[in-house]
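Could you put the whole structure together from the sequences, leaning on the hints where they help?
Residue numbers (the UniProt record's numbering), protein chains in the order written: chain A, 1 to 120; chain B, 1 to 713.
Calculated directly from the structure, the hints in this document are not laboratory data.
Be aware that a few hints might be false.
[To be verified] Computed footprint of chain B on chain A, listed as stretches where at least three residues anywhere in the stretch have a Cβ under 8 Å from a Cβ of chain B:
(1) 11-20
(2) 32-45
(3) 49-57
(4) 93-100
(5) 106-118
From the three backbone atoms N, C-alpha and C, an ideal C-beta is built for every residue, glycine too.
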Amino acid sequence: MHSILAVDDSASMRQMVSFTLKSAGYNVVEAIDGQDAFEKAASRSFDLVLTDQNMPRMDGITLVKRLRETPQFKSTPILILTTESSDQMKQAGRAAGATGWLVKPFDPNKLLEVIQKVIR
Amino acid sequence: MGEMTTEGSQLSAGIDLSQFYQVFFEEAGENLDRMEQLLLELDIEAADDEELNAIFRCAHSIKGGAATFGFADVAELTHQMETLLDKLRRHELSPTPAMVDVLLASGDALRAQLARHQTGQGDEVDTGDLLFNIRAMVAGEAAAAPLPTQATRTSATSVEEPPQEAAGPAEAAAVEQAPAASQPAPGGERTLELEVGPLADPSQADNLQELFKEIVGLGTIEPLDGGQAHNGIRRFRVVTTSSESELLDLFTFHVSREQVKFKPAPESAPADGARPAPPSAADPGYGFFENAPGAPQPQAAAAPAASAKPAARSAPKAESKQGGALDSTTIRVSVEKVDQLINLVGELVITQAMLAQNSRQLDPVLHQQLLAGLTDLDRNTRDLQEAVMSIRMIPMSTVFSRFPRMLRDLAGKLGKKVELITHGEATELDKGLIEKITDPLTHLVRNACDHGIEPPEERLAKGKPEHGTITLSASHQGGSIVIEVRDDGRGLSREKLLKKARERGLHAPDTLTDPEVWGLIFEPGFSTAEVVTDVSGRGVGMDVVKKNITALNGTVEIDSAEGYGMRVSVRLPLTLAIMDGMSVGVGDECYILPLSSVVESFQVEPGMIKTVGTSGRVVEVRSEYMPVIELEQVFQVPRFDFERASSIMVVVEAEGGRVALLVDELLGQQQVVVKNLEANYRKVPDVSGATILGDGRVALILDVGSLVRRSRH
Chain A
1 MHSILAVDDS ASMRQMVSFT LKSAGYNVVE AIDGQDAFEK AASRSFDLVL TDQNMPRMDG
61 ITLVKRLRET PQFKSTPILI LTTESSDQMK QAGRAAGATG WLVKPFDPNK LLEVIQKVIR
Chain B
1 MGEMTTEGSQ LSAGIDLSQF YQVFFEEAGE NLDRMEQLLL ELDIEAADDE ELNAIFRCAH
61 SIKGGAATFG FADVAELTHQ METLLDKLRR HELSPTPAMV DVLLASGDAL RAQLARHQTG
121 QGDEVDTGDL LFNIRAMVAG EAAAAPLPTQ ATRTSATSVE EPPQEAAGPA EAAAVEQAPA
181 ASQPAPGGER TLELEVGPLA DPSQADNLQE LFKEIVGLGT IEPLDGGQAH NGIRRFRVVT
241 TSSESELLDL FTFHVSREQV KFKPAPESAP ADGARPAPPS AADPGYGFFE NAPGAPQPQA
301 AAAPAASAKP AARSAPKAES KQGGALDSTT IRVSVEKVDQ LINLVGELVI TQAMLAQNSR
361 QLDPVLHQQL LAGLTDLDRN TRDLQEAVMS IRMIPMSTVF SRFPRMLRDL AGKLGKKVEL
421 ITHGEATELD KGLIEKITDP LTHLVRNACD HGIEPPEERL AKGKPEHGTI TLSASHQGGS
481 IVIEVRDDGR GLSREKLLKK ARERGLHAPD TLTDPEVWGL IFEPGFSTAE VVTDVSGRGV
541 GMDVVKKNIT ALNGTVEIDS AEGYGMRVSV RLPLTLAIMD GMSVGVGDEC YILPLSSVVE
601 SFQVEPGMIK TVGTSGRVVE VRSEYMPVIE LEQVFQVPRF DFERASSIMV VVEAEGGRVA
661 LLVDELLGQQ QVVVKNLEAN YRKVPDVSGA TILGDGRVAL ILDVGSLVRR SRH
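Shown next, in the form of structure tokens:
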């Protein structure tokens, strides 16, 4: 079973993402912010990281940067879930090493669709 | 994407989002509380980056959830707030008091909107003025009159978004936040073709798309020619109900009037003014970076339609439906259920007391096991009772937390500067009591600000600091809870109060003591304010406050020093359903004293009691004289054995005074279930309630405060 690290500081969003992914048969680990996610990622690897951008302690872009610095996350797909699709944000995401982005509000179907493209 | 936000519920992939609503509402409520708190604490002159970030995140988080769950109005307002907050945290704008005001007001509006979604009741919240003011602030203007189209020319809007690559996504951005609140108004809706240019920098025209995104009800805009400029001219298709001149006024924010041309839409425009199909089909709402780690193979990304049926994977959702359920750590229970529980425990306590009493006659050797069991029962009952009672206990902070905001608004309205200090927020109080005390307290705090605290210039003239201070404190004192509202304002004026009392025809001789004079403000219709303001001094007065507190068996005391401030102490007796009591016997009667007010007891020796004047009797205890109250006389207890006389004194304390009660015997300490005498019988002087004893008899619970007051007269 593929395992996904879902990072969001909002409990409702986290629950929803997690529920959607679990319904589709993924194994989901939740993290409440970038820092938490980074700590959780230190002990094990994931098949995908799905992270919010704006979070306390550590934001999504920083998380991507930090993860890319660790060997086991060198090529793991990392998607940034964001409310803004501005070019600036995307540039920052690309520079940090993110695989792609997803615009909030997201549709559960689309989330699964996108994830299937990168998890194999 | 635009469609998604306009649909109230998204039931995509067979997932019912409503199961997450409750968490979202709770979360949004917490975020709003936090945002309000942060805004109130924000130092406008030296705003802290981390604070601004935290405020931003609150709005951002609510927006994300609201958009996902389809609460378009909430998403729209938070989106605007977020835009403003974003500029603040990036230091593109500096915070002003007006911004804090607008953000606070927006928080209120959000609360109302959320409540509407949560309950499905209530009117739509009008946020037009708020949205307009926030937009004006974002554009770098001060909050202006609420006339949306009268926007003045400023071009503080920064130009970002280079158009080359952004054609698709930028358009998506414009549609992404398409406000669902926009009225369709099919009658006046037309489709126009808009030409802008020639422009030196074609990306300027992108700002027009932003306008449509930000202004509710303006309509929709869609770039033509794939968003590319031809000879510096950009073309758009616009669907709107606004007139061309209105649109021109708006556009002149970004491009000059001469550069704008309107044409009727070509025949390819959708018929019947139907909205142009949102480009959601073209815009997937996501994307991958080329050659990024973990990116999919190119052909997969190029043909998103091929995988248009991913639902197959999500089919086995039933299996884990429960797995994703909410892991709540709290439950909501109706108050009746808790009350019933408390009543039942009360009955259990009575039964336990009865067993304890009956078992006293048993031989401890013969019934060792039974007695051990009864001891356990005693302990367990007590623990159970405490646990059950604590369900209803709520910290005072739930009441206190409403005052910072209230005082801020009030002080702003009155042109005063007030600082609020709170103590003892953790002091717990019964929920029922909290609810009932909130209104009187609010009134007292409002009074302190309105009548007590002087305007800044007056304070400075008096040599006081410009900022007035209002202190709220709560503490347990014995069996009571004392809540104080203190201010360092002008205090009460003895002369004015006496004068006013006489004007109102009240008997007010100069010989009245200070406390008696202060007590005058509890007379109906007695306002200390010289001018009735729109904040207080009208309608409800201190008399109502006093009445409400008295109804809770509480007392109100005032202490004041003219020019230095005033303190109102509200003392609430333990009106909880169960209390620790000391039972005393007088004749054949049994009375209960709240254990918390009992200081000591001793045997009366001949000569200890002295008579003062004609009727007053005092007792000397360690060279302190205390008034003596004979319960036998107060309650006219019938006596049959004339030989016997009361010979034991119990010293009790309340309201800062002590009295010695003369009784026959001490019967013991026990927990008693307080029954309201007034509700079951009628009000009896010096009695605060009644209880049922283990043997089934009714015993009166004495009101120590009232006994102390009686001794003062």
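Consistency of the hints with the structure:
| no. | hint | verdict |
| --- | --- | --- |
| 1 | 11-20 | holds (count 8) |
| 2 | 32-45 | violated (count 0) |
| 3 | 49-57 | holds (count 4) |
| 4 | 93-100 | holds (count 6) |
| 5 | 106-118 | holds (count 11) |
Hint 2 from the list above is the single one not met by this structure.
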